[in-house]
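Visitor: The task is to assemble the complex, starting from two chains supplied on their own in separate frames and drawing on the hints.
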Amino acid sequence: MENEEKLLLGIIVGTAGAMLVQSGQYAPEARIFPQAAAVITLVFAAVIIVQKRISIDTSGGSDLISQVQDEAVPTEQGGDGSSVTDLGKSEPGEFRITQPTSPYRIPVLDRDISKRTALAVLLSLYLGLLWLSGIFISSVVFMVLYTSVLKIRRNVAAMLVAFTIVTLVLFGMWLGTPLFRPAHELFTLPEVAL
Amino acid sequence: MSVDAFVEGAQLVLTWQALLFIFVGVFLGLVLGATPGIGPVPGIALLLPLTIEFEPWVALSMLFAIYIGGMYGGAVTAILLNVPGTAGAIASTFDGYPLSLQGRANYAIEISVLASSFGTIISAVVLILAMPFLIELVSLFGTVEYALIAVFGITIIPLVSQDSVGKALLIGAFGTLLSTVGMPVMTATPRFTLGILDLSDGVAFVPVLLGIFALAEMLKLVPFEGTLNDSASESEAKAATDGGYRTLSTIPDRLADIFVRNPLTFVKSLSIAMIVGLIPAAGGAVSNILAYALEKGTASDSETFGTGNIRGVISAESANSGTIASTLVPLLGFGIPGSPTAAVILGGMLMHGINPGPGLFQESVHFSYATFTAVAIGGVFLIVIGLLTATQMARLTRLRMSVIVAPIVVLCFVGSYALALSFFDVAQALVAGLVGYLMIKYNYSIVALIMGLILGPIMEENIHRALSLGDASIFVGTPLRIFLVGLIVASVVGPVAMSLKSTLRPAS
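Sequence lines, in order, name chains A and B.
According to this note's numbering, the stretch in the first sequence is residues 491 to 684, in order.
According to this note's numbering, the stretch in the second sequence is residues 5 to 512, in order.
Isolated chain B (complex conformation) (with noise of 0.2 Å):
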């Protein structure tokens, strides 16, 4: 590890305003994942307009943060109420939730927030003394292997959401083309703009985002009578959302329950996290499921887990959270994002003029430890707020759904609007948030879109200088590319196998 790029990285987030701006974003995540129908990723995209005017590492700090916070506060209403405020928090309910029937709702909420916490915390730190590593393994990578890792990016998506091989390589591949909108790298004749100056940078991202993940998930809610409190029943609610306060002197023994009682699950789970976030777009939503599969297959007692048992808990909350480090490395070092709020957190980066990828990663190595750094700093937050503020957050899904929408719509209209100052890209909000709401309803991934986007550009410039070094061979010339094109290969052929199994075997 280099001594001085760690300090010159740390101090960048080590000022006041930095600190302070980590706490507000640890708290406002947890308000965010824990409010019904946001969620971390359309918070985030929400607040990047506000952070503007903030300096560079105090926006990112708040905005890791907010991620933090986020991935945590949707575990609330998981164990809380059977509802799970993000895609990855589903595995949180399995356990945490019979947990909180049995009247040990404090139990599980305790044993999550310390869950995650560490998880983020010890993550991070892995990943600031694997630092030196990281490196070495990004200088492998040349405009070939950048070109392949891009593409990858794209067909990875049908195996890591919920979506079918071949929407998914659709909307893929349409936003890959979308992304050709504006000035290509290799000549200066903009295109596809209609004669829209405003296109000629081409499609507004941050807009994009807040009308895809925001304005679209307000259309798919206003329908709904009542609150997700309803879900439950009176009594259950009550219990949950009246909680009570608890005191400190029963964490000892919760850290006990994690890290002695329970060691080989904490680190099971961590590090299949830390695997999945280096993954293109998986991100929590897949990790929490597979550690808790894991820990499931792999105990004697599994006929226990789903009636809570605690390895559940801690699997999944130590699963979701262990990826918030990790999903930012692929982001980093190749300017891909390893979920879909690493995609938004690219965006916050882009708009403060940060560009990841392989040349920032490895000439500017003390902005990677910065962002570790913060992220560490925002677990160490995590436990405070998590265990004075959690059982309170869960009165958040007593606000009714046609109440919250209006709100988030105005954000959206006014944060696309304040960016640019530009009508053009509220319009494009706009036509993206309906878009997006059809793609939500019909299963279309709204991740495959920005992954299209964000992946395009480095596709398009990378294929283009590789081309221009040699013919198509070029791309498995050394057995690194030949590794990389067969998991390209292997991505697709895949889950196609599997579908056409999975047709197959009722007939057999």
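Pulled out of the complex, with its shape left as it was, chain A reads as follows (with noise of 0.2 Å):
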């Protein structure tokens, strides 16, 4: 089993087991439901974990759709002899897209990381500085990195600038978003009417 696929595990039963043990701080007809849910739930990842631990792959036989595809969809060859259409279930990591990936190197650390890592952190910088800042410079802010993260060009990432601001203020005048607007009551940006 792959770390990330351990985590999700991990977040499932965390969950599951912590649920279960503050549920029994309710009334008993309101805890009676998830209690049940968080056994079920504990149960089934339990018997996940041990499928991987003896190998065991159950999903072939109950797949009656990939059954079907397996023998409708015709495979191309390609010239070594290897499948290069295959439109049957796709394999963890893949997601039936061939085209290559490059990693993003930091500036400064001068390290690889992926650009799915490089992304999760960025999402996790544009909550921070919504809460810090509001929706529109947060999501100014987001855009800015991201184009030059993943290398956009220069044209495309100013398109996608703009973008972003017609859409915010989109949702500022049709639905009166505040864009300015922090979580926090540290301090208060001016609030813009639009």
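Just so you know, the hints here were simulated from the structure itself, not pulled from any lab data.
Heads up, none of these hints are tricks.
To spell it out: a stretch of chain B is covered by chain A in this simulated footprint if at least three of its residues, at any positions, have a beta carbon under 8 Å from a beta carbon of chain A; those stretches are:
no.	segment
1	51-61
2	187-196
3	213-224
4	425-439
5	442-454
6	457-471
Some residues of chain A that are not near chain B, with every Cβ distance over 10 Å (derived):
no.	residue
7	Ile596
8	Val598
9	Arg601
10	Ile627
11	Phe670
C-beta: ideal position from N, C-alpha, C; glycine also.
Guide: Take a look at the structure:
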């Protein structure tokens, strides 16, 4: 089992366990259902973990769609005889996309990380900035950082920033979304009426 | 059919605003369905917040229209580039793409547009005519049956998705568990809120939809270089995306291809679609494969399937679009979505104060008529918009995947924030996105999570009410309940038995 899958199962088991423990403090009629759901979650998590350990994959037989697909999809053969078109089930991490990937090099540390990790960090930063300075500033900063990290061409980057600003103005005008309201009360930014 | 209720329902969607937004919705759906990585589910989720200010039936009509356009949009890239834009278009690649390679892309596109459009229209009309029967059927379902149907909605997921039994049930149970956060029906004490006020109404459904369907998808796409168009050779891609304009003079012949030369193909596929649409969480992703398999399996020239047989395109396209109206039946009747897209539409309904379920279905029957009328109108618009724009839509596959990601992320964040002006909602969307990405990567069903979140409260409330009427034997008290329990048991035991059979087969 890969570390990311362990993390996913850890989140599920941890949440279910914590909710099971906490459910004891509620009235009997309000705790039975969450307790049952938590127990079932934990049981199936245990089943998955045991399955992984004894390496029995139970997915193939139950997958009616893939069975039909496997019969129906003609698979093209590449020049070396390898399969180049396979619309069957995706392998973990491949997602049926055959395009190449490239890492992001952190400038100061001179270390490579995947672009997925870079985006996850940017998203966390986006959330933090949203808390600090509101949706407008955080969105524009995110877009600028994203285009810089992903090395998007300058003219495309300018279009993306323009798209962001237009979207925000649209939300501000159409829905009255406060664009500069932070999620804290440490200081206030000037409210811009749209 | 109650004519008064039908007229009342039709009036809701026959306003110029609703018609305009149905037209816009079909076009947007086509764009979203043809754009790599988006599709109708994240597309509708992204546009939900923008509809807050709309009149409810204008907003819902537009969401249905996006569903229709998005379901077809996936076929454009499937036929032209061998890249199904949505899971509902997988079978369209089997014969659609070979037709494109033979220089008959326009023919395949025209047939697919007409099969999709008429599949949508006819299924909606059939359901309008069947409404009195459906109302009678839903009236057979009381509290106990409703609880059992909700349980069945979870246990059926392994059969209709590409996930293992254990993983799908694990995630379904986890989604059900998360649905218990917030205020329960039977007491006034909120549960599992950790003292956070934003959680007292439970997990924020629309932000979670945005996170799990859109953000997770963007995390999946971000590292890939290039465009989906790169997967086709340069000449194929050019031929596909420069397909040119067509004239209307060929349309009567194309209609004859479907309704005169191959009427059984259309009828069989549409029938399968309408049945599959009624099964919770199944939808076009299942129906297009099943209809194609049936058509191929019963054809005397089955060896020509996969090489450009037009019946393959007719069956796949009429089957995926034919599910649209019927996936809305369990949604309207029980509040249980018949497909992932219907689950997102449920979010839109709740956002606009429409709480679908048996009560609404029987007492406000004009809502159901309005729904199916809007779907039929969307099908009519699809004929026009699809024929005029389908080939040009394939140009969207020239967009670089890394360029698509950023605007979608911004729309997710802004949309999640705009709904309740809550920072915490955005945080929920982000967590859902990160967890959703891990689930996609390791083949844990995100649909199961959403079904658990939707069905959890229905299960809890109705099981609680049922047990207040008697002991556990109440769940097998009538033939209908025994039948539903049998369905639940079969949906769990069936896949497990097939798994064991598959595992043991090599050994024997």
